[in-house]
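Below are the chains, spelled out letter by letter.
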Amino acid sequence: MKKNSLKFVFITSVALVIIFAAILFLRKPAKAEKSERKENLNEIVLYHQDKFDPGPGSSSSVIKEAKAMPVYGHWQNFTTKDGLPSDKAYAVKIDDDRVWAGTHDGLALYENGKWRTYTSEDGLAHNGVVSIDVSETTGDVWVGTLGGLSRFSEGKFETFNQFNSGLPNDLVYNVCCYGKDVWVATGGGAGRYNTETKQWEIFTELNAPMHEPWTYALSGGEGKVWIAAWGGGVIEYNNQTKKFRDYTDPDGFMEIDLMPDDGPVHDITTATYYANGIIWVSSYFGLSRYDGKNWNGYFDHDSGLASNFINNLKAKGPIVYVCSDKGFSTFNGETWVTYKKNENDENGKAIITNGKEVKEVAQTPSISHNFIIGADADDDVVWVATSKGVSRGEVLR
Amino acid sequence: MGRFVKIIIPAAILVILGVVIHKPYHRWAREHVNNLTATTDHPLKCASCHLYIQKSGIISKIVNAKYYSPFNLAVSPDGNYLYVIAEEGNALLVVNTERNRVIKEIEVGVHPHSVVLSRDGKTAYVSNQWSDNVSVIDLEKYVVTDTFGTGGGPAGLALGADGNSLYSANSFSSDLSIIDLTSGAERKRLFTGNNPTGVEISPEGNTVMVTSRRTLGLPYGDSLKCELTVVNDKRQRIAERMDIKQAYMMENIAFTPSGDLAIIPLIRPKNNVPTIQIERGWMMTNGIAIVEQKPGGRTIQLLLDEPNAYYADPFDIAITPDGKKAFVSHAGVDLISVIDLDALRKLISESDERMLAAYSNYLGTSSKIVLKRISTGANPKGMALSPDGKKLYVAEHLDDRIAIISTESLETIGKIPLGGPARITVARQGRRLLNNAGHTFQSQYSCYTCHPDTHEDGLVYNMASKDMGRNMTNTQSLRNIGDTPPYKWNGKNQSIYKQDGMRFSTVLTRNEAFSYKELDAISAYIMSGVPNPPNLLYNPKGELTEAQKRGKEIFERTHDNKGFEIPVINRCVTCHPAPYFTNKKMADVGTLAASDDSILFDTPHLNNIIFSPPYLHDGRAATLEEIWTIYGKTEQHGALNDLNKIELNELVEYLKSLRDEKYEPKVSKTLSASFRHKQ
Numbered sequence: 001m002k003k004n005s006l007k008f009v010f011i012t013s014v015a016l017v018i019i020f021a022a023i024l025f026l027r028k029p030a031k032a033e034k035s036e037r038k039e040n041l042n043e044i045v046l047y048h049q050d051k052f053d054p055g056p057g058s059s060s061s062v063i064k065e066a067k068a069m070p071v072y073g074h075w076q077n078f079t080t081k082d083g084l085p086s087d088k089a090y091a092v093k094i095d096d097d098r099v100w101a102g103t104h105d106g107l108a109l110y111e112n113g114k115w116r117t118y119t120s121e122d123g124l125a126h127n128g129v130v131s132i133d134v135s136e137t138t139g140d141v142w143v144g145t146l147g148g149l150s151r152f153s154e155g156k157f158e159t160f161n162q163f164n165s166g167l168p169n170d171l172v173y174n175v176c177c178y179g180k181d182v183w184v185a186t187g188g189g190a191g192r193y194n195t196e197t198k199q200w201e202i203f204t205e206l207n208a209p210m211h212e213p214w215t216y217a218l219s220g221g222e223g224k225v226w227i228a229a230w231g232g233g234v235i236e237y238n239n240q241t242k243k244f245r246d247y248t249d250p251d252g253f254m255e256i257d258l259m260p261d262d263g264p265v266h267d268i269t270t271a272t273y274y275a276n277g278i279i280w281v282s283s284y285f286g287l288s289r290y291d292g293k294n295w296n297g298y299f300d301h302d303s304g305l306a307s308n309f310i311n312n313l314k315a316k317g318p319i320v321y322v323c324s325d326k327g328f329s330t331f332n333g334e335t336w337v338t339y340k341k342n343e344n345d346e347n348g349k350a351i352i353t354n355g356k357e358v359k360e361v362a363q364t365p366s367i368s369h370n371f372i373i374g375a376d377a378d379d380d381v382v383w384v385a386t387s388k389g390v391s392r393g394e395v396l397r
Numbered sequence: 001m002g003r004f005v006k007i008i009i010p011a012a013i014l015v016i017l018g019v020v021i022h023k024p025y026h027r028w029a030r031e032h033v034n035n036l037t038a039t040t041d042h043p044l045k046c047a048s049c050h051l052y053i054q055k056s057g058i059i060s061k062i063v064n065a066k067y068y069s070p071f072n073l074a075v076s077p078d079g080n081y082l083y084v085i086a087e088e089g090n091a092l093l094v095v096n097t098e099r100n101r102v103i104k105e106i107e108v109g110v111h112p113h114s115v116v117l118s119r120d121g122k123t124a125y126v127s128n129q130w131s132d133n134v135s136v137i138d139l140e141k142y143v144v145t146d147t148f149g150t151g152g153g154p155a156g157l158a159l160g161a162d163g164n165s166l167y168s169a170n171s172f173s174s175d176l177s178i179i180d181l182t183s184g185a186e187r188k189r190l191f192t193g194n195n196p197t198g199v200e201i202s203p204e205g206n207t208v209m210v211t212s213r214r215t216l217g218l219p220y221g222d223s224l225k226c227e228l229t230v231v232n233d234k235r236q237r238i239a240e241r242m243d244i245k246q247a248y249m250m251e252n253i254a255f256t257p258s259g260d261l262a263i264i265p266l267i268r269p270k271n272n273v274p275t276i277q278i279e280r281g282w283m284m285t286n287g288i289a290i291v292e293q294k295p296g297g298r299t300i301q302l303l304l305d306e307p308n309a310y311y312a313d314p315f316d317i318a319i320t321p322d323g324k325k326a327f328v329s330h331a332g333v334d335l336i337s338v339i340d341l342d343a344l345r346k347l348i349s350e351s352d353e354r355m356l357a358a359y360s361n362y363l364g365t366s367s368k369i370v371l372k373r374i375s376t377g378a379n380p381k382g383m384a385l386s387p388d389g390k391k392l393y394v395a396e397h398l399d400d401r402i403a404i405i406s407t408e409s410l411e412t413i414g415k416i417p418l419g420g421p422a423r424i425t426v427a428r429q430g431r432r433l434l435n436n437a438g439h440t441f442q443s444q445y446s447c448y449t450c451h452p453d454t455h456e457d458g459l460v461y462n463m464a465s466k467d468m469g470r471n472m473t474n475t476q477s478l479r480n481i482g483d484t485p486p487y488k489w490n491g492k493n494q495s496i497y498k499q500d501g502m503r504f505s506t507v508l509t510r511n512e513a514f515s516y517k518e519l520d521a522i523s524a525y526i527m528s529g530v531p532n533p534p535n536l537l538y539n540p541k542g543e544l545t546e547a548q549k550r551g552k553e554i555f556e557r558t559h560d561n562k563g564f565e566i567p568v569i570n571r572c573v574t575c576h577p578a579p580y581f582t583n584k585k586m587a588d589v590g591t592l593a594a595s596d597d598s599i600l601f602d603t604p605h606l607n608n609i610i611f612s613p614p615y616l617h618d619g620r621a622a623t624l625e626e627i628w629t630i631y632g633k634t635e636q637h638g639a640l641n642d643l644n645k646i647e648l649n650e651l652v653e654y655l656k657s658l659r660d661e662k663y664e665p666k667v668s669k670t671l672s673a674s675f676r677h678k679q
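Chains as they are written, first to last, in the working numbering: chain A, 1 to 397; chain B, 1 to 679.
Keep in mind that the hints were calculated from the coordinates and are not lab data. Any given hint could be a false lead.
[Stated by the list, open to error] In silico SDA-like links for lysine to any residue, alpha-carbon gap of 20 Å or less:
1. B:K188 with A:V381
2. A:K243 with A:G223
3. A:K198 with B:A622
4. B:K552 with A:E136
5. A:K156 with B:G217
6. A:K180 with B:S223
7. B:K188 with A:D95
8. B:K188 with A:G223
9. B:K61 with B:V530
10. B:K188 with A:G221
11. B:K552 with A:F309
12. B:K488 with B:Y362
13. A:K180 with B:D222
14. A:K198 with B:E353
15. A:K198 with B:K552
16. B:K188 with A:G220
17. B:K346 with B:Y362
18. B:K245 with A:G155
19. A:K156 with B:N462
20. B:K562 with A:E205
21. A:K156 with B:S223
22. B:K234 with A:E136
23. B:K549 with A:T197
24. B:K225 with A:G155
25. A:K198 with B:I9
26. A:K198 with B:H32
27. A:K243 with B:L216
28. A:K156 with B:K562
29. B:K633 with A:E205
30. B:K234 with A:E154
31. B:K294 with A:K243
32. B:K234 with A:G139
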């Protein structure tokens, strides 16, 4: 009995030590969860075992890589209830301490916590505002609309349309200020307006390697401008030599990317953006990245991309902000963070993907809608234009 | 006897011949003059026309003269020197104010406009309006040390508060260059109102204000408004765009020393009132805008006119250092108005919004604020005060003199001749007449008012004919029109004599017509050639861009894009041949409005056409593009409907490049000739 008692006490003691140790061990994550709740993260960690790569991509490497990527949260959503002219937002642009939003019913300005709307009654070319850019040198705001191009400066609009100016076409899908030039991607070709000489130049399939006159987006850098041309891939224009170079998909119009990484994933491009030496190209069939030597294609089935159907994109430094029909993705070439809203409530999640390892972070609230058309980011803030207003997210520290 | 016969007989023959042909010759001469002048009693003086209207050659050099035409000026910090812009002399004149004489003439760019001095007074910056640059002048050595590029037509200049930035209001390209004075590089260019000329920094150095002369583009038929552009000097960004309503020709601006007010001379035209109504007064009024600088400050307009006396073409403003008096030069009536600023402050502080709105059209205000009108020489333009504020220097533009006015006694106490020709040529006399409102009812406006710089003011006027309220008329430029008769849009005037003769006084000035001598002088000035600026903005070197070359091909084409021959009458070049780009004939371009008399239109000349918006006879087209995109649905105004947008842009680019033949490089002609010779 004594022996048994001693044995019982010993086993019990060992068991208690183990349990105590286990409790201590398990309490640490609980503390972390509590502190992150303060950040409004509500973290629920779900490791997807089927995608788990036991190699270098262990759970610790996911977190390590994620640190190089900003994860946005504290989402603040703005709709007509908050003063936005329409819930259908097409574009958003950060302009120092104020933010411009292009909507279906006018141009909205967020300043000092309030929204103010400008419409065609104020001189705006058209109420359907689909693109916005701000000249870094002059501060002029250039607004691409479904009925022409407007220049806004301290309360006044000046309108350029296809009838009163050399603007190629009134459907101005994208506007881009680059040096003294304002570039536009329109339904009638790309246009360049020199703000000093007041001269317009038009580029279409008649004088540039385009397949159609429709152009959707453009971006400038290092003396070049890249044009996302419908059916023509990406057209590179050299400002100095005035020569074109086109980047097209060797697979042409095939919806399947037969040969991976051989060029843009498709010739029907929806946007392009140059930053940090990288050309990013979006299409309705996936995302492409070109570093000057190699092309890489990214798809929703083999990466963290929210959807292959990409409406628009923007890049800042090493990070690309991808606007798709099923959520908002950010990517720095290694790690993806994709933001999605739940279907039935205001909550959602941020999905961090590194290689085959995926981590989901619950977010309350989430971005306001999964159909995203525009985005812009500053150091610590991202703004997203969605089909249900605009969303503002902050970097979670 | 033989010698007698040799002299007498030829003389007799000549006398007989003279007697025989005198009558028919006189009759022919009479008819010739009657035809040109549309009168029957204009003196038959061949010289008045055939001598004084010569544009070039020996006769032109003999009858004309080169004047300085002082335009703007600055005073050195110690008050010992005046720096005078010689607009026609292309020079900066240095005047010693103790000896009242010019001591140095420094050559600058073409058609200089303004001068501003560095804070230490050792450097002058001169804007060269027709060279698109600024001359930097060392005032110790009197040499041009550098040249800074600007936008098109640099006019007014101002230094930034840091002393290292220069603002240049670019009158042709309608923008503001901000130049880094250390590097000479243009930091940025901000777009401004239309045709900016005046620029001034506030005393505390926070704000730069830029005035403009032409109205902003507005829907057809709207009343005009001009922009006052406000720039934050520190950020060098636009801070505000203020509309100064129903006013234009805001040439200059000055701040009070305390910085509480900015004051701008301006004109308030009633261009939609039939011009024949001028005899009822109040059609073209002249005054000032007062912009209160306090937060929420008002913008007020007050007239300087009186019920029966108008003070046309206010140009410059200078305010004494004590902030008590403001001087406004009225270039159209050769007068300076002296404004009591304390009375002005009292008036506006005691007036509510409703009263102030009424004052903007009230001719009784000036008696409350104007202390005196001081006579000057011809066409007073820029002014500058001595550092102690006791002397006001006035550039007598068409007298080649500087007037010195005591700001205490308000009397002219001296004149400084600049050394220009003593004689006044016929053309110079004509220029004075064109710039003077003395021939208009109550001196409401001069020719210059609607034709500033002998160009046009961008407005559409209701030129009432026999049927009141008809014929909306787009003002046309007077530059280089001597060789392009007929005149007026309806082409009814076959000469300048007729254009500016009796009908002119009946329809426009409603006053005594010009005498024949005056008419000869005006005709001599206009017909001897008032050049266009060189159009450096769109054709800087005389070499067309690739787009302009393609546009020229379209302009001169004989076949459309489908290969069909274009009827001669529908080709651009048929009606618009070089060098003036007019065939001087009447045409129907399908633009006759319901309110127009049934007429054809005179084909306008096209040199520098880009600087003459709006377009078409009634100004309905705001831009060149609109002539064809909106108002060219038929092919009456050129067969262009087959063009795509790229081609239309190229045609417009070519039209923008058109400029006076005199600017075309002679070298290229020589080379072209020698090339043909070798062939």
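Worksheet item: For which of the previously enumerated hints does the structure constitute a violation, in increasing order of number?
Response: 1, 4, 6, 11, 12, 13, 14, 19, 25, 26, 27, 28, 29, 31
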